[in-house]
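Since the structure of chain A is provided, determine the placement of chain B on it from the hints.
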Amino acid sequence: MRLRFNLVLGLLLAAIVIIAGVFAAWIAPYHPIIDADLMNSEMPPSWEHWMGTDGQGRDVFSRVLYGAQVSLTVGLVSQLINSCIGTALGVSAGYFGGWWDDLVNGLTNVMLAIPSLVFALAIMAVLGPGLPSLLIALGLTNWSWTCRIARSSTLSLKNQGFVQAAKVAGFGDGNIMRTQILPNIIGPVLVMATLGIGGAVLAEAALSFLGVGIRPPQPSWGNMLTDARELLRAAPWAAVFPGLAIFITVLGFNLLGDGMRDLLDPHMRTRRA
Amino acid sequence: MLRFILRRTLQIIPTLLVVVLIIFVIFSVVPGSFISSLMSEGRNATNADVMAHLNQQFGLDKPLLVRLGDYLWGLAQFDLGISYRTREPVWNVIEPRLWPSIKLALAAMFFAAIIGIPLGFIAALKPGSMIDSGTMMLAISGLSLPEFWFGLLLMYVFALQLGWLPSFGYQADSIRHIILPAIALGVSPMALLARTTRAGVLDVMNADFVRTARAKGLSEPRLVRGHVARNVLVLVLTTLGLQVGSLMGQAIVIEKLFSWPGIGSLLVDSVAARDIPVVQGAVIVIVLWFLVINMLVDVAYAAIDPRIKVT
Numbered sequence: 001m002r003l004r005f006n007l008v009l010g011l012l013l014a015a016i017v018i019i020a021g022v023f024a025a026w027i028a029p030y031h032p033i034i035d036a037d038l039m040n041s042e043m044p045p046s047w048e049h050w051m052g053t054d055g056q057g058r059d060v061f062s063r064v065l066y067g068a069q070v071s072l073t074v075g076l077v078s079q080l081i082n083s084c085i086g087t088a089l090g091v092s093a094g095y096f097g098g099w100w101d102d103l104v105n106g107l108t109n110v111m112l113a114i115p116s117l118v119f120a121l122a123i124m125a126v127l128g129p130g131l132p133s134l135l136i137a138l139g140l141t142n143w144s145w146t147c148r149i150a151r152s153s154t155l156s157l158k159n160q161g162f163v164q165a166a167k168v169a170g171f172g173d174g175n176i177m178r179t180q181i182l183p184n185i186i187g188p189v190l191v192m193a194t195l196g197i198g199g200a201v202l203a204e205a206a207l208s209f210l211g212v213g214i215r216p217p218q219p220s221w222g223n224m225l226t227d228a229r230e231l232l233r234a235a236p237w238a239a240v241f242p243g244l245a246i247f248i249t250v251l252g253f254n255l256l257g258d259g260m261r262d263l264l265d266p267h268m269r270t271r272r273a
Numbered sequence: 001m002l003r004f005i006l007r008r009t010l011q012i013i014p015t016l017l018v019v020v021l022i023i024f025v026i027f028s029v030v031p032g033s034f035i036s037s038l039m040s041e042g043r044n045a046t047n048a049d050v051m052a053h054l055n056q057q058f059g060l061d062k063p064l065l066v067r068l069g070d071y072l073w074g075l076a077q078f079d080l081g082i083s084y085r086t087r088e089p090v091w092n093v094i095e096p097r098l099w100p101s102i103k104l105a106l107a108a109m110f111f112a113a114i115i116g117i118p119l120g121f122i123a124a125l126k127p128g129s130m131i132d133s134g135t136m137m138l139a140i141s142g143l144s145l146p147e148f149w150f151g152l153l154l155m156y157v158f159a160l161q162l163g164w165l166p167s168f169g170y171q172a173d174s175i176r177h178i179i180l181p182a183i184a185l186g187v188s189p190m191a192l193l194a195r196t197t198r199a200g201v202l203d204v205m206n207a208d209f210v211r212t213a214r215a216k217g218l219s220e221p222r223l224v225r226g227h228v229a230r231n232v233l234v235l236v237l238t239t240l241g242l243q244v245g246s247l248m249g250q251a252i253v254i255e256k257l258f259s260w261p262g263i264g265s266l267l268v269d270s271v272a273a274r275d276i277p278v279v280q281g282a283v284i285v286i287v288l289w290f291l292v293i294n295m296l297v298d299v300a301y302a303a304i305d306p307r308i309k310v311t
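Order-wise, the sequence lines are chains A and B. Just so we're aligned: the first sequence equals residues 1 to 273 in full-length UniProt numbering. Just so we're aligned: the second sequence equals residues 1 to 311 in full-length UniProt numbering.
FYI, nobody ran anything at the bench for these hints, they're computed from the structure. The model shown is predicted, which means the values in this text are computed figures rather than measured ones. Each residue gets a CB set at the ideal place from its N, CA and C atoms; glycine is no exception. Treat each hint with caution, since some may be false.
As the list claims (entries may be wrong) - Computed beta-carbon distance windows for the label pairs: (1) A/Phe96 with B/Leu288: 29 to 39 Å; (2) A/Ile18 with B/Asn55: 43 to 53 Å; (3) A/Leu244 with B/Leu106: 26 to 36 Å; (4) B/Leu160 with A/Asp35: 26 to 36 Å; (5) A/Lys167 with B/Pro221: 52 to 62 Å; (6) B/Ser259 with A/Trp50: 25 to 35 Å; (7) A/Phe23 with B/Asp49: 54 to 64 Å; (8) A/Ser156 with B/Met137: 30 to 40 Å; (9) A/Leu231 with B/Leu288: 35 to 45 Å; (10) A/Phe96 with B/Phe78: 38 to 48 Å; (11) A/Leu155 with B/Leu17: 52 to 62 Å.
Next comes chain A alone, as it looks inside the complex:
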């Protein structure tokens, strides 16, 4: 019961955020940047402005909707990069073993020792603020767990009959990894990627909050919170709603990842039966 609840609630929350982001231009009642009305700044939530207005009189609801585009792009693309790097390194390390395995293992340990936010901050300092830099910074710093899982799964798969049979049949190493091993480890990798989306959304918001991510006036949930901090006493709603949006997004993807993991876990399935 709990399994399904997690999965359904996660799917529902993720779907809401995806719909909000994709259809922001149609749903948003105001333009997130141009429609600034200083006469109506710091207005509390009303029928006209569902989530109130910020310090420059911009509609918080519209900015939250457009902010979803940034968060989803960063979450999905950076996790795609992480999954590709982690899977490629992990599968090849587990399959070939030897010095390559040692090297990948060493690199993974080093990556785990550097807090990903610290590493991403350093990369952002080099690349400068903006969406492409964020995608690279968050895409390069969070592949270690995927790599570990891909490696351990490959290690247990590579001596199994069907892989040995493919070898005897004359399949090349690349071909075996792609057609025999990858389809069998895709489940855990997908779970890691889904759980990682939440982490990436949080990291993007944190970096934008620190002023090195998405720069104003482009709306991102992180930089909206930076602006809101200055008006916390006068317009707390400007801080409440962007944060709530981050929370709902991360919770949605975490529940989805958790639900998927439980579904794939044979122990859980036995327990359910």
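Here is chain B on its own, set in the frame of chain A:
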């Protein structure tokens, strides 16, 4: 045991070296140096001679490999270099920030432990109950909460509205200043601890020795105290230790939000000012803290649990 401790200590060195190498290489390709950022602030005239002099003074005119060699040689003598911004040794800039950071990490862990561990225990002792479901929902919510947003909300309620606690700042001998940042930072480890404790207790409750003890007629409180709690302790202590190790790196945003003078806020300020030696020093300290705490957890683990073989 001594050999194990020595071996684990030596294992830190290669990891730290690679981290230093990565950070050094990343910051050697930074477009625009500290000197050009000084120029853009208008504090100096854009004079080629001044730039050349400053480059020479900071050793930036040397080839990359020579600079790396100099840096590693300095590091071997516990010298982290000179700050571009304050012209002080980097250690002198970092050292006063160290204790506030450690204090914040420990306070956050204290909050996480006193709430998370009992919650996990209670949830596991009544599996499937409302308390269990509520605790687990709370745990997954805690892991999804943007801590700086939670910090802002705490600031709004307890500092701006109720006026009970200061909204930001640091005072060496004040507990009031640390409460809000510690709660904001501790909420995610608290959630993790609740989940880990629950899973650990559930595992132990189903173990054969607990079933035997119950069959012998041992009362439930004694069973939990004597058999379950002791076995879960190892798992809880490991999670607690690992979290303390990573909290210094995670505290960056909270330190900035609450104007807490720790390593994290120093790192952010130094990145903005392109004070590369301080950035490198701060990253090394954060990674070293993580590695040393991990090592201590390993040693403690080996000391507590006799089943772990120390070689």
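Which constraints among the numbered hints does this structure fail? Numbers only, ascending. 11
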